[in-house]
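Chemist: Take 1 as the starting number for the sequence shown in full-length UniProt numbering and just add one per residue.
Hints were generated in silico from the structure; no laboratory data involved.
Hints may contain errors.
Quick list of simulated restraints, FRET-style, between CB atoms [claimed, not checked]: (1) E756 to G780: 46 to 52 Å; (2) E925 to R556: 56 to 62 Å; (3) G780 to H640: 35 to 41 Å; (4) E407 to N546: 42 to 48 Å; (5) R672 to G780: 51 to 57 Å; (6) Y219 to P451: 18 to 24 Å; (7) F543 to E925: 52 to 58 Å; (8) L294 to E166: 54 to 60 Å; (9) E925 to R664: 31 to 37 Å; (10) Q558 to E322: 33 to 39 Å; (11) F592 to S319: 54 to 60 Å; (12) D73 to E166: 37 to 43 Å; (13) F543 to K913: 45 to 51 Å; (14) K526 to N546: 19 to 25 Å.
The beta-carbon is built from N, C-alpha and C at its ideal position, and this holds for glycine as well.
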Amino acid sequence: MCERAQRNGLLGDYKAVFKEWEELKIIEKIDCENETSHFLPHRPVVKTDSITTKIRPVFDASARETGKNSLNDLLYKGPNLIEQIPDIIDRFRSYPVGISADIEKAFLQLGVAPEHRDFLRFFYPTENEEIVYRHSRVVFGVSSSPFLLAAALSHLLEHVPAEDSETADKLKLSFYVDNCVAGVSNATQQEKFIFKATEILSRGCFNLRNWESNADCKYIPKSTGTTKLLGILWDLDKDVLKCRVCVEDLKIDSNITKRFILAAVQRIFDPLGILCSATLPPKILLQNTWKLKLAWDSTLPDDIVKPFLKWWGEVVKLSDIEIPRHLEINDTTQMHVFVDACKETYATCIFLRTDTFQGVKVVLIRAKSRVAPLKQATIPRLELMACCIGARLAHSVQQALNITEMETIFWSDSMVALYWLSEKGGWSVFVSNRIKEIKTLFPNGEWRHVPGKINPADLISRGRSHSHLVESHWWEGPLWLVESPDNWPVPELINCETSEISSERKKVRLCNLNLSEEKVPWYARKFSKFHSILRIVVWVLRFINNVRSRINERKRGQLTVEEIESAEIQLIRSIQAQSFPDEKSTPNMCVFRDENNIMRVKTRITECIDTPHFLSPILLPNNCIFTQRLVEHFHIENYHAGTQLLLSILREKYWILGGRRTVRKIRNACVRCRRFKSKSPTADPVSLPADRVKDAAVFEVVGVDLAGPLYIKRDAFLLSFRRFVARTGRPRIIYSDNGTNFRGAYNELAAIDWNEVSRNAEIQRITWKFIPPTAAWWGGFWERLLRTVKELLRRTLGKAIFKYEELLTILCECEKVVNSRPLTYLSEDMQDLTPITPAMFLFDISTAEVKDLDVRDANHFRKRLRFRAKVFEELRKRFRSEYLGQLIQRQKQDPQSSNVREGYIVLIGDDVKKRLQWPLVRIIELIPGKDGLVRTVKLKTQSSTLIRPIQRVFPLELSGNDLTSLPLQKVQLTELSVNSPNPETSVKSSIPDPSKANQPQVSRCGRAIKRPKRLNLVTLNDVFE
């Protein structure tokens, strides 16, 4: 490089540039070695016509060694800024006064972090020794530099004072790298913009220079001549724009190659599409070289070289084409978009039509042409592709000029494309995708027909010669567009479908399942969750697509939202094909097919402003597994919503036949919902036990319980029991709950050898009866007395503190009050008998002997004894008739029958824990009473067995055999664990019974259960098309 620069006499000037940079601290000399570094090659670029810099170093960060990455390959280059050029030029053309400027040494104003500078090293241009420098500023030639400059300018313009916000907003839309292209309405605004823009950028050490404009003002004079403007030319005297055609430095070699044709086409930079018709012929020739599979440097055949040389010889004439710069826009302005296509190309162009005082003006905004793809396509399809790029280009112009409300009219000479755009139907994927895009960009776009002879897009789509293109003046618009709308072409529509139209009808391939042979579809054999079913279908569809596609076109990575939505559409379409072969299969319901060939319900609210799914919901059957899984999914996702709420949520998108019945069925099968709505069964009323109603001595049958928050150990209870026996006599039967002190006393007494005790003493063993655990109401006859005593103590004591003797005395007083309560009706008539009280029976048991009674007269004693016997007999008769006779069985108003069975899965109720924490157990034995009714059950937990009353168990209406038949997800079935204290553990299968191995499995209702089969991809015939 140094030798070549020396021969050209440029080496001295080239070194002077680096010396100047070193003085400005743009580069710095280094001596140290650093292993993690990178060197940039550079070369001088000379521009003799440049006003500011004649020679400048250009660094190539794309240079690489064989098999290794370059620096640009490892950097994030940001968005493609070239795509912003047409928008900037459109905004520049929308003002009568145009302004342009650039930033002096823009990249050199941005510093590079010291730790990153070693990757920007380079050798100083010298021949004798190696001198190493490195950049301390952003380098022109590194792919990330334009993005860094744009980010710095954006940051600067975002943080400006409020009074400068208007100018800052205009500058944000006016910069392309270091070039500023803007426009204003008059000279006053021009002066303000230049002053404010210079001031704002100077705060970031950016110097705006080289101001040019087509109007003079206080700060700059009116410019003359032609100047460069973002790759095109601006004639300041005529105020017109034209393309720059650089063909002088490209010399034609005798060997024309594909590389040379591509270089020649790229010499014409045309961001607005002014010369798009002229650039089509070489692009078509270049495509033909691809069909021949020629190498880049291979010699081309004559049938390609001759047309290219003819085109190249006239390319200089393209520099004469120019269009007006200013776009006059007012309330009458209309946007007219023309599209056309031929066998090899398709194109579009956009004109603005404005009514002014001087008359109607039609100005070209943009145009675009493309070569048809290598894969052969029909003319109607190419016409539709032209409509699509026309809609895209029009939308881009609207966004750039902020004229989204402007009236837009689209013109096409293809009747078939216009029919596709006007009619709804099941078109092919190719047609429906492009129609969807066009309707998305312009939902209310007006499409009209124009004959091909007067369609300006017809000229640019066919690729005319340069002479014919210059003479046509097509950029001035069609002549009929200047006239009144009454003279415009009259729209014509096709009244019936032609073969070209019907050929794009969607071909529906249905795969019907034989439900008589297999009721469970393949996608539900192994998965029971809705989203799992969708994912497996997506994977199957992706596999099918990848098999049919090329290696570089195959999809990889995570599933996308579009793929999941497509799988849902495929599933719904397949299910509807099975359940509704045609529209007549849905009686009493109006349906139609949408663009995805899915049957939807026609509702009576189509005029309402709402979502399309709500206005026309998707029709689903109620007897398929897909619908069941869908309802289960929404039921769980919406926190186990009720029937009405879940039906309303589903109605937002789906219409299920018999939806309420289906939703209610799924909700009733939900295990978690059963937890919260299950109720304990109630036992039928039962007669009082014989111990409660037969004649017995006082305290012969007793009930024992602890009253109050007192901690009584087993030894203390036994001592209190001895005191009770000493005062009242030895009881025969004791009832109690399952307290540890009672159980301990019972176990110790049971360990005594009662046979030995019976031989040596005249006492019998006490019968101790325990009520079921947690069934306090079984001991109601003593629990009621405990409550009475507690209420007396609570009302009497309050918050007082007593000694033991005082508390004992108070308890004796409470005992007297309790024993004095009336057991029979208390009459207000003084002549009636005194009501029966417990105190009347307290003297029935004989106590220990008292010697002072022996001295009484024997006859008197016998008379009193007979009198007492008569009184007690009368007392017992009154007790039998007035108290026991009034004890009748009362039926509860809404009793719930006891329908528990062995093997049922139930919850154990607990007054302390929440229902969600109640353990799940299995009933292993029913314990009937004397009347044959079940009131207690034996339960199996993980580590033990329990006995509970049926009022403490809450059935889930679920047996162990029903687990596999529930239409619920596995995540819910895992709650039915009986082998784990955690209710979320999975259900462990019980040991199978060999005798029942061949018997068919049935549900609790007697319905035969068919076990699901494993998914076999080898024999899978269900293919979605």
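Chemist: Evaluate each hint against the coordinates.
Modeler: Evaluation of the provided hints:
no. : hint                     : result
1   : E756 to G780: 46 to 52 Å : violated, 38 Å
2   : E925 to R556: 56 to 62 Å : holds, 59 Å
3   : G780 to H640: 35 to 41 Å : holds, 37 Å
4   : E407 to N546: 42 to 48 Å : holds, 46 Å
5   : R672 to G780: 51 to 57 Å : violated, 35 Å
6   : Y219 to P451: 18 to 24 Å : violated, 52 Å
7   : F543 to E925: 52 to 58 Å : holds, 53 Å
8   : L294 to E166: 54 to 60 Å : holds, 56 Å
9   : E925 to R664: 31 to 37 Å : holds, 34 Å
10  : Q558 to E322: 33 to 39 Å : violated, 52 Å
11  : F592 to S319: 54 to 60 Å : holds, 57 Å
12  : D73 to E166: 37 to 43 Å  : holds, 41 Å
13  : F543 to K913: 45 to 51 Å : holds, 49 Å
14  : K526 to N546: 19 to 25 Å : holds, 22 Å
Hint check: violations occur at hints 1, 5, 6 and 10; the rest are consistent with the structure.
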